[in-house]
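S.K.: Please take these sequences and the hints and turn them into a complete structure.
In my numbering, the protein residues as written are 172 to 234.
Errors might be hidden in some of the hints.
Said to hold, decoys possible - Straight line, CA to CA, 35 angstroms or less: simulated DSBU-like cross-link-like pairs of lysine-lysine:
{"no.": "1", "residue 1": "Lys-185", "residue 2": "Lys-225"}
{"no.": "2", "residue 1": "Lys-219", "residue 2": "Lys-174"}
{"no.": "3", "residue 1": "Lys-205", "residue 2": "Lys-219"}
{"no.": "4", "residue 1": "Lys-225", "residue 2": "Lys-205"}
{"no.": "5", "residue 1": "Lys-225", "residue 2": "Lys-174"}
{"no.": "6", "residue 1": "Lys-174", "residue 2": "Lys-205"}
{"no.": "7", "residue 1": "Lys-185", "residue 2": "Lys-205"}
{"no.": "8", "residue 1": "Lys-215", "residue 2": "Lys-178"}
{"no.": "9", "residue 1": "Lys-178", "residue 2": "Lys-219"}
{"no.": "10", "residue 1": "Lys-215", "residue 2": "Lys-225"}
{"no.": "11", "residue 1": "Lys-185", "residue 2": "Lys-174"}
{"no.": "12", "residue 1": "Lys-178", "residue 2": "Lys-225"}
{"no.": "13", "residue 1": "Lys-215", "residue 2": "Lys-174"}
{"no.": "14", "residue 1": "Lys-205", "residue 2": "Lys-215"}
{"no.": "15", "residue 1": "Lys-219", "residue 2": "Lys-185"}
{"no.": "16", "residue 1": "Lys-215", "residue 2": "Lys-185"}
{"no.": "17", "residue 1": "Lys-178", "residue 2": "Lys-205"}
Stated by the list, open to error - Pairwise CB distance ranges (calculated):
{"no.": "18", "residue 1": "Thr-183", "residue 2": "Ile-232", "range": "33 to 41 angstroms"}
{"no.": "19", "residue 1": "Thr-183", "residue 2": "Pro-231", "range": "30 to 38 angstroms"}
{"no.": "20", "residue 1": "Ile-232", "residue 2": "Phe-208", "range": "20 to 28 angstroms"}
{"no.": "21", "residue 1": "Ile-232", "residue 2": "Asp-189", "range": "36 to 44 angstroms"}
{"no.": "22", "residue 1": "Phe-208", "residue 2": "Ile-230", "range": "15 to 23 angstroms"}
{"no.": "23", "residue 1": "Asp-214", "residue 2": "Asp-189", "range": "16 to 24 angstroms"}
{"no.": "24", "residue 1": "Lys-178", "residue 2": "Ile-234", "range": "27 to 35 angstroms"}
{"no.": "25", "residue 1": "Lys-185", "residue 2": "Leu-213", "range": "17 to 25 angstroms"}
{"no.": "26", "residue 1": "Ile-232", "residue 2": "Lys-185", "range": "35 to 43 angstroms"}
{"no.": "27", "residue 1": "Glu-233", "residue 2": "Asp-189", "range": "38 to 46 angstroms"}
Since the hints were made in silico from the structure, they are not lab data.
The beta-carbon is built from N, C-alpha and C at its ideal position, and this holds for glycine as well.
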Amino acid sequence: MIKSRRKERDFTQKQLADLLEVDRQYVWRLENGKVNFTMDYLDKVIFKLNCDQKDFIVIPIEI
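M.R.: Okay, structure coming up:
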(Lines of atoms letter the chains of each structure in order from A and count residues from 1; the text may use other names and numbers.)
(Lines give C-alpha, C1' and ligand atoms only; values in the text may rest on other atoms or scores of the structure.)
Protein backbone atom coordinates (compact mmCIF):
# COMPACT_ATOMS: atom_id res chain seq x y z
CA MET A 1 0.00 0.00 0.00
CA ILE A 2 2.81 2.44 0.82
CA LYS A 3 4.50 1.74 -2.51
CA SER A 4 1.35 2.40 -4.53
CA ARG A 5 0.65 5.64 -2.65
CA ARG A 6 4.26 6.75 -3.11
CA LYS A 7 4.05 6.11 -6.85
CA GLU A 8 0.70 7.92 -7.10
CA ARG A 9 2.45 10.96 -5.65
CA ASP A 10 5.36 10.55 -8.11
CA PHE A 11 7.87 10.16 -5.27
CA THR A 12 10.97 8.05 -5.59
CA GLN A 13 12.00 5.92 -2.64
CA LYS A 14 14.80 8.41 -2.04
CA GLN A 15 12.41 11.37 -1.97
CA LEU A 16 10.12 9.64 0.52
CA ALA A 17 13.12 8.61 2.60
CA ASP A 18 14.24 12.23 2.74
CA LEU A 19 10.76 13.35 3.85
CA LEU A 20 10.70 10.68 6.55
CA GLU A 21 14.32 11.34 7.54
CA VAL A 22 15.35 7.72 6.97
CA ASP A 23 17.49 6.03 4.34
CA ARG A 24 16.12 4.65 1.06
CA GLN A 25 16.74 1.10 2.24
CA TYR A 26 14.31 1.64 5.12
CA VAL A 27 11.59 2.79 2.69
CA TRP A 28 12.18 -0.36 0.63
CA ARG A 29 11.79 -2.47 3.78
CA LEU A 30 8.57 -0.62 4.70
CA GLU A 31 7.12 -1.19 1.25
CA ASN A 32 8.00 -4.87 1.31
CA GLY A 33 6.75 -5.65 4.82
CA LYS A 34 10.24 -6.29 6.17
CA VAL A 35 9.94 -3.89 9.10
CA ASN A 36 7.43 -3.44 11.90
CA PHE A 37 6.37 0.08 12.74
CA THR A 38 4.08 1.83 15.20
CA MET A 39 0.80 3.57 14.45
CA ASP A 40 2.58 6.85 15.19
CA TYR A 41 5.09 6.09 12.46
CA LEU A 42 2.31 5.07 10.07
CA ASP A 43 0.65 8.42 10.80
CA LYS A 44 3.89 10.14 9.81
CA VAL A 45 4.03 8.19 6.52
CA ILE A 46 0.36 8.96 5.82
CA PHE A 47 0.93 12.66 6.49
CA LYS A 48 3.99 12.82 4.22
CA LEU A 49 2.14 11.00 1.43
CA ASN A 50 -0.94 13.19 1.95
CA CYS A 51 -3.19 10.14 2.36
CA ASP A 52 -5.98 9.09 4.67
CA GLN A 53 -5.63 6.44 7.39
CA LYS A 54 -8.57 4.51 5.96
CA ASP A 55 -6.45 3.83 2.86
CA PHE A 56 -4.17 1.69 5.02
CA ILE A 57 -6.74 -0.21 7.06
CA VAL A 58 -7.71 -3.66 5.84
CA ILE A 59 -10.75 -5.33 7.34
CA PRO A 60 -10.95 -9.08 6.79
CA ILE A 61 -14.25 -10.40 5.47
CA GLU A 62 -15.61 -13.83 6.36
CA ILE A 63 -17.24 -15.73 3.53
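S.K.: If a hint holds in the structure, say so; if it does not, say that too.
M.R.: Comparing the hints with the structure gives:
no.	hint	in the structure
1	Lys-185 to Lys-225	holds, 25 angstroms
2	Lys-219 to Lys-174	holds, 13 angstroms
3	Lys-205 to Lys-219	holds, 20 angstroms
4	Lys-225 to Lys-205	holds, 22 angstroms
5	Lys-225 to Lys-174	holds, 16 angstroms
6	Lys-174 to Lys-205	holds, 13 angstroms
7	Lys-185 to Lys-205	holds, 17 angstroms
8	Lys-215 to Lys-178	holds, 17 angstroms
9	Lys-178 to Lys-219	holds, 13 angstroms
10	Lys-215 to Lys-225	holds, 14 angstroms
11	Lys-185 to Lys-174	holds, 12 angstroms
12	Lys-178 to Lys-225	holds, 18 angstroms
13	Lys-215 to Lys-174	holds, 15 angstroms
14	Lys-205 to Lys-215	holds, 18 angstroms
15	Lys-219 to Lys-185	holds, 13 angstroms
16	Lys-215 to Lys-185	holds, 16 angstroms
17	Lys-178 to Lys-205	holds, 19 angstroms
18	Thr-183 to Ile-232: 33 to 41 angstroms	holds, 34 angstroms
19	Thr-183 to Pro-231: 30 to 38 angstroms	holds, 32 angstroms
20	Ile-232 to Phe-208: 20 to 28 angstroms	holds, 25 angstroms
21	Ile-232 to Asp-189: 36 to 44 angstroms	holds, 37 angstroms
22	Phe-208 to Ile-230: 15 to 23 angstroms	holds, 20 angstroms
23	Asp-214 to Asp-189: 16 to 24 angstroms	holds, 18 angstroms
24	Lys-178 to Ile-234: 27 to 35 angstroms	holds, 31 angstroms
25	Lys-185 to Leu-213: 17 to 25 angstroms	holds, 20 angstroms
26	Ile-232 to Lys-185: 35 to 43 angstroms	holds, 37 angstroms
27	Glu-233 to Asp-189: 38 to 46 angstroms	holds, 42 angstroms
Of the numbered hints stated above, none is contradicted by the structure.
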